[in-house]
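Undergrad: Residue numbers (my numbering), protein chains in the order written: chain A, 1 to 499; chain B, 1 to 539; chain C, 1 to 304; chain D, 1 to 307.
Read the hints as simulated data drawn from the structure, not as lab findings. Worth double-checking, as some hints may not be accurate.
With beta-carbon atoms standing in for the labels, derived distance ranges [claimed, not checked]:
| no. | chain 1 | residue 1 | chain 2 | residue 2 | range |
| --- | --- | --- | --- | --- | --- |
| 1 | C | A9 | B | S284 | 29 to 39 Å |
| 2 | D | R203 | B | R279 | 48 to 58 Å |
| 3 | B | E456 | C | K126 | 33 to 43 Å |
| 4 | A | D372 | D | R203 | 46 to 56 Å |
| 5 | D | N60 | A | G497 | 40 to 50 Å |
| 6 | C | L71 | D | G58 | 50 to 60 Å |
| 7 | B | A300 | C | R301 | 41 to 51 Å |
| 8 | B | S407 | D | G53 | 30 to 40 Å |
| 9 | B | K151 | C | G18 | 38 to 48 Å |
| 10 | D | N60 | C | L61 | 48 to 58 Å |
| 11 | B | R394 | D | R203 | 16 to 26 Å |
| 12 | D | G53 | A | P315 | 30 to 40 Å |
| 13 | C | D58 | A | E33 | 47 to 57 Å |
Since this is a predicted model, take the numbers as computed values, not measurements. All residues carry an ideal CB built from backbone N, CA and C; glycine is no exception.
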Amino acid sequence: MKPRYALAGLLLATTTAGAALAQDSEVTIVLGEELDLVEPCMSTRSNIGRVILQNISETLTELDVRGDGGVQPRLAESWEETEDGTWRFHLREGVTFSDGSSFDAEDVKHSFERTQSDQNTCEISRYYEGIDMQFEVVDDLTLDITADPAQPIMPLLMTLLTIVPSETPMEFVREPVGTGPYVLSAWNPGQDIRLELRDDYWGETPEVTAATYVFRSDEAVRAAMVETGEADIAPSISVIEADDEALDHAYPNSETTYLRLDHSVAPMDDARVREALNLAIDREAFLGTILPEGAEIATAIVPPTTIGWNPDIEPWAFDPERATELLEEAEADGVPVDTQIRLIGRTGNFPGATEVYEAIAAMLTDVGFNIDLQMVEVAEHEQYYSKPFVTDGPVIVGAQHDNSRGDPVFSMFFKYDSEGRQSGISDEKVDDLIDRATAASGDERTALWSELFAYLHDEVIADGLLFHMVGFARVAEDIDFTPTIATNSQLQLAEIGLN
Amino acid sequence: MPDHLLEVRNLSVRFHTAQGVVNAVNDVSWHVDRGETLAILGESGSGKSVSSSAIMNLIDCPPGEIHSGEIWFDGKDLLTLSEEERRALNGKRIAMIFQDPLSHLNPVYTVGWQIAETVTAHGRPGQMARDRALELVRRVGIPNPEAALKKYPHQFSGGQRQRLMIAMALALKPDILIADEPTTALDVTVQAEVLTLLEELQAETGMGLVLITHDLGVVAESADRVVVMEGGKIVETGTPHEIYHAAKHPYTRKLIAAAPGQGEMRVPDETAEPILSCRNMKKSYGAFDALKGASFDLMAAETLAVVGESGSGKSTLARLILRLEEASGGEALWKGQDLLQMSPREMGKVRRQIQMVFQDPTQSLNPRMSVHDIISEAWVIHRDVLEKRRWRDRVVELLEQVGLEASHAGRYPHQFSGGQRQRIAIARALALEPDLIICDEAVSALDVSIQAQVIELLGRLRDELGIAFMFIAHDLPVVRDFADRVLVMKSGDIVEQGPVRRIFEDPREGYTQRLLAAGLDPDPEVQRQRREARLKLTA
Amino acid sequence: MQRMIGKRAISSLISLFGLIVLVFFLSRLTGDPSALFLPVDASEEMRQNFRELHGLNDPVLVQFGHYLGDLVRGDFGDSLRKARPALDVVLEAFVWTLQLAVITMTLVTVAAIVVGSVAAFKVGTKFDRVASLLSLIGASAPDFWIAIVAIVLFSVNLGWVPTSGTGSVWHWILPIAVLFIRPFGLILQVVRGSMLTALGSPYVKTARAKGVKNRPIIFVHTLRNAMLPVITVIGDQAAALLNGAVVVETIFGFPGVGKLMIDSILQRDFNVILAAIMVTALAIFLMNLLIDLAYALLDPRIRT
Amino acid sequence: MSATTAETTPAKPTPPAKRGYLGMLWADKFATFAAIFLIIVVFCALFGPLLLGDAASGQNLRARNAAPFTLERGFLYILGGDALGRPLLPRIVVAAQNTIMVAAGAVAASFLIGATLGLIAGYSRKILSEVIMRLADVIMSFPSLLLAVIVLYILEPSVGNLIIVLAITRIPIYLRTTRAEVLEVRERMFVQAAQVMGASTFRIVFRHILPVILPTLVTIATLDFAFVMLAESALSFLGIGIQPPEITWGLMVSQGRQYLTSAWWLAFWPGLVIILTTMSLNLLSSWMRVALDPTQRWRLEIGGKNA
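Use the sequences and the hints to build the structure in full.
TA: Structure, rendered in structure tokens:
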């Protein structure tokens, strides 16, 4: 607690923040977005995952986001691919749920079936879409999972499946029960959520004994709260607020911003026009100005930490002259270059979104595009982003995509396959590559993804890739926590140290 | 050291107003002692109430400014005292009551509270205040006092409110009571009662009474000495008798001459045809019957006076004829057609022929319209009366006809005096060359001399243009000189009607007699006899 | 009185019904909740399933029929996002809003009346001019602007009060202070104007003639008469607060109905929107009744 | 003793507006300044985009959040630069057009519709006025934000549609005030006098009643001006309503909001302009109250020392 805060200290003693300050083994975490649900099977939604993933509900496996250890054991101690398409998981022994019941293969089976139920709208299920999975209980601690088509990345898929006891009803629950180190001890909608350490956790006991989550949608306030000691961690504050070396940590947040182009509508159907668009944008100019220094210019829709990310792809240079030439060529060939193109941005999509799109609009206009910028709210943005696309005139949709799961499979189908809901292209080779990569494993998989990225970026010129974004976390001095690429979607209290 | 209880010496007060600096009173001196009644007689604008406002420290400075003079009370010059010292005197040693008690009583507090406040405001305990309030309310003759204390001003009649005002003023037995037009706008009978009450109370407490009035009758009734004021100066002083019978100053004479009820009475033309004949007209608001079936005829070019006290239904009658309100029954035949049954269109045509002059010209003229607009509006509404280019000249004609100047056309109502405003209202009524003008208390808000002029004007118009008048008034003398026939109303009924002379010289109904008796005569002697007569009637 | 209340109740029921109809149908014109609830790359099956679960596949009229049916049974439906009864969600939030509104309006009323009355009594003086000026600035300054500056100043730099949130008494100071400004400005203006008129009325003269001191003349004789127009404005302002103070709630993380409303609208959480509207509308109706009672209390002429 | 003022017959009354409205304006110094400021604003609204349109939209990331009060970047940057290095001064000037269009449009529309409905409700038979009042209730309790979302979702966000939204939400204010005033004024004597003369309802309402209640409405309108500007900013802040590249003062404030801690001037200047505009309107309207009222006008005509 800062001394100048003493005056209010007395009164704060009663507040949650005060409590956090009083006992140092408790932390207060201020988040930007409130939780509507505390439902394990929704934990792939970042604002929910951030609170419950691996804190309340655990998964069989987890992805090592700090090192490059790949997929690590969690509730499963080991696994192997017994025959093609079938994986055997050996579960950890002596694990109990927070309700006292012990953890076994049945729970895993139930957890999966629950996500598939039509009596709820579990979000996890989308990752198993189009895959037919059979869970077969061999014995209490052994489980066979058969997938058709075969899933070479089954272990990775299991990092997403949160495990609930087999008694859990299909409907959404309000008191989640899990095997994690913490239990939900209080939930005051609109105000705070409190997790407390449980004494019978199977793993090693974390330092943090309790965590209180509070919600402030205003960036400035979140930053201020850590500064005043009302909160210990603000996992995401805007770069504008991140002005304190001592407190603020930049981290790649696994978000990638890009301009989605619909190739079916002129003039975007012409490769030269798409190239011109890419050449027209001075990406360097954004770094350290509107966007933080740490942001990287993107050559793929997934962050560099993802397998198959292709280091050889050259980012588009900034070359307005060339861009103008290309447009003129295209025009000469009768491409309706001067048609007005709507550039759709989403307000508050990321810090400085509006400025970014305003700047891009200006740059495009400079080289001769006829751009009409429209900033819209989330619902309207969705109308433009997903199929069926609006057809009246060409549209460029500025969007942000999050993939912290380490494998492109979670992105590529949706964004680039002819069937993909947000895909603006329809290209056999792309479809084929996606299919093969999805089915492949090991180096072959990596190679195929790399090929796909290069092909999309250089040949198809599928879209206008912009940046891999960085987020900023503000962490109080007496807290030892370094954010990772996954911090957006999960925040393990066990990884928080106190000094 | 002055030898009077209250003495005003060479007082001059100025006001900064719209029209620059006005000398409200100029070098005024007068005095009053215990037990005596001084009347300050004057018309509006004569500054008759300024000096008393100065005594009560009610003049806001600015815009007011006490330019010179002294006000001696009980050996002290009030003008040298501090605000606080003067506040301490107000209500305790010197009290004041006002005209129009309704607006001078606080509408949101019980009268009991307001009377008691006079006592508590001067540091007396609440209980004492309440007892005193009850005692006073009983004394000024309010029926069942206990209940009355808990009532609000709007729940009393005008006369009762004035009594309550008096009670409030006398709460601390002041040495001086200043009464500013205490009986104006009260019915004649009530007026008499209030004045009597004041005299009684004066006799009991021996206080000095300063009676500010515009009414010679009031002076004759109750003053020991009179101070006549005009244009902020005192023009004459003396006993009522001296003033009435041996007035030296021309203004005083003019005032006396203007007093109504002295002229020759008119004889109605029996051959005239009725233009308006009402039969059994009724109006009731829920359970209350405002008009219980009035039947009468109004002949062309004659003046029918409708007299009666407030609540007698005389105004209702007018409003029904003009369709400002819908009658509950009966008929009003205007040249054969029933006004009450007419469609709005037909009525619109007839409106040309029947016009009205309201009691309060200040309110009946739109403050945001110039005189020209006010008068010419008639022709805007009834296009066919006059083509546009002649409007300007016609307005001037009308203005001159009612005794105003052409230059007035460009001005706004607030720039005129009450009398002038009423003339504008009349000019507006004339603009449509109507056959009948209904005057609802058209002169009762005006000064005596102005009253006389307006009456005279109306008379002239009647004779020149042959316009018929329905003349609603509450005081009889005015009617006496002007009406052909009189119609006496009481609580919704016509109690008596007939030629003016018959009504005045040989009233048949007791009510009519009481009305006549209650009227105050400017001549002290006559008034003394009246008074005896009155007391006999009431006894 | 009872008849008055009865008539009011009926008329506002009519308005309320009209409101529900309007909101129900119009809000359904603003897009498909499933698109917002489910991730952008969710499959068509998931969407269908979602719509089935929440009966969004029926024709709108049918949906409305169901809704009214449930409503009659006191069931306001569930929140699409929170998977719990919409009414609970709304009431939780409304309690906060109500407290905030009541406290703020009480302070505003007292302050505005005192300052306004004195300003009117000292019309034209420095005090009067300054009061009017400040109130005017307050009434026209962007509130989120004030809010942030207040936090930076009083919480971060001076550390007097917590930045945001709920819990102790001290958490209320900033939100209330920020909410205070605009209504204070408006009501002060009205009080001043109304008092100016009232101070000119004859009964004030009477009081002075009775030797009543200045303070009682202002606060006893004049004020009560001047209150009627003021009360109307107070009512309007209070109503505005009961509808929730979006900006303040958003910035100070105050779980009020305003923020709830915004979120539900942006997320197309129809049941919550409707429930919130009905709750606030009811509250406002009750408050208007109070206002009428206050009229009658203040002015005996209205009673009879 | 106001009585004296009323009763004294003027010796030689000053003919109305003898010194003309300009003279009366000059008599009230505050109003004069207000008027001048507003004239400037209107000028900007009319010609701003023509004169400074390019300067206002010219981006220059090197001049990002440039601090105010230095001339090193030239006069246009005197108030500093915004997040994209666009000079604030010209932006404010250019934004005046949209801002005034939205505010004036919305206020005018709601004023006209509200007042008209109010007059009808106040002067017509029971049923009709009941219907109108219920309508007002509905609008009042209809969350303005929802309305905005609906309108701007179905139609697209544009100045015109924004005006519609804001106008609708403000109608009840004028409606209710007007009705209340009408109910009072219609009982005045001069209204009855007009009836007696056979004046049509239309004439009574517009010639006799409206002028009396107009000042009150005008005062409300001026205060509403600020309200609308701020409401508009709140809408853009929530992602609905006017969006870049269009600019309004409100939008500038809400965009500058996130920089309040690092670059205060982004939100401060537009905020200041909003405040100044409102205050000018308010001062001017209180002046107008006096100038339009024949019974008050003299205050200004005798040199404003009482004004």
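Undergrad: Could you check the hint for me, namely that L71 of chain C and G58 of chain D are 50 to 60 Å apart, CB to CB?
TA: holds (56 Å)
Undergrad: So does R203 of chain D sit 48 to 58 Å from R279 of chain B, Cβ to Cβ?
TA: At 33 Å between Cβs, range violated.
Undergrad: Can you tell me whether the CB distance of A300 of chain B to R301 of chain C sits inside 41 to 51 Å?
TA: holds (44 Å)
Undergrad: Mind checking the hinted window 38 to 48 Å against the Cβ distance between K151 of chain B and G18 of chain C?
TA: At roughly 43 Å between Cβ atoms, G18 of chain C and K151 of chain B fall inside 38 to 48 Å, so the hint holds.
Undergrad: Holds or violated: 40 to 50 Å for the Cβ distance of N60 of chain D and G497 of chain A?
TA: The hinted range 40 to 50 Å holds for N60 of chain D and G497 of chain A, with Cβ atoms some 45 Å apart.
Undergrad: Is 46 to 56 Å a correct range for the gap between the Cβ atoms of D372 of chain A and R203 of chain D?
TA: holds (50 Å)
Undergrad: Taking the Cβ atom of E456 of chain B and the Cβ atom of K126 of chain C, is their distance within the range 33 to 43 Å?
TA: violated (55 Å)
Undergrad: Quick one: are G53 of chain D and P315 of chain A within 30 to 40 Å, going by C-beta?
TA: holds (34 Å)
Undergrad: Holds or violated: 30 to 40 Å for the Cβ distance of S407 of chain B and G53 of chain D?
TA: violated (56 Å)
Undergrad: Is 47 to 57 Å right for how far apart the beta carbons of D58 of chain C and E33 of chain A are?
TA: violated (31 Å)
Undergrad: Taking the CB of N60 of chain D and the CB of L61 of chain C, does the distance hold inside 48 to 58 Å?
TA: holds (56 Å)
Undergrad: Can the suggested window of 29 to 39 Å be confirmed for the beta-carbon pair A9 of chain C and S284 of chain B?
TA: Since the Cβ atoms of A9 of chain C and S284 of chain B sit about 31 Å apart, the hinted range of 29 to 39 Å holds.
Going down the numbered hints, you'll see the structure goes against 2, 3, 8, 13, while the others check out.
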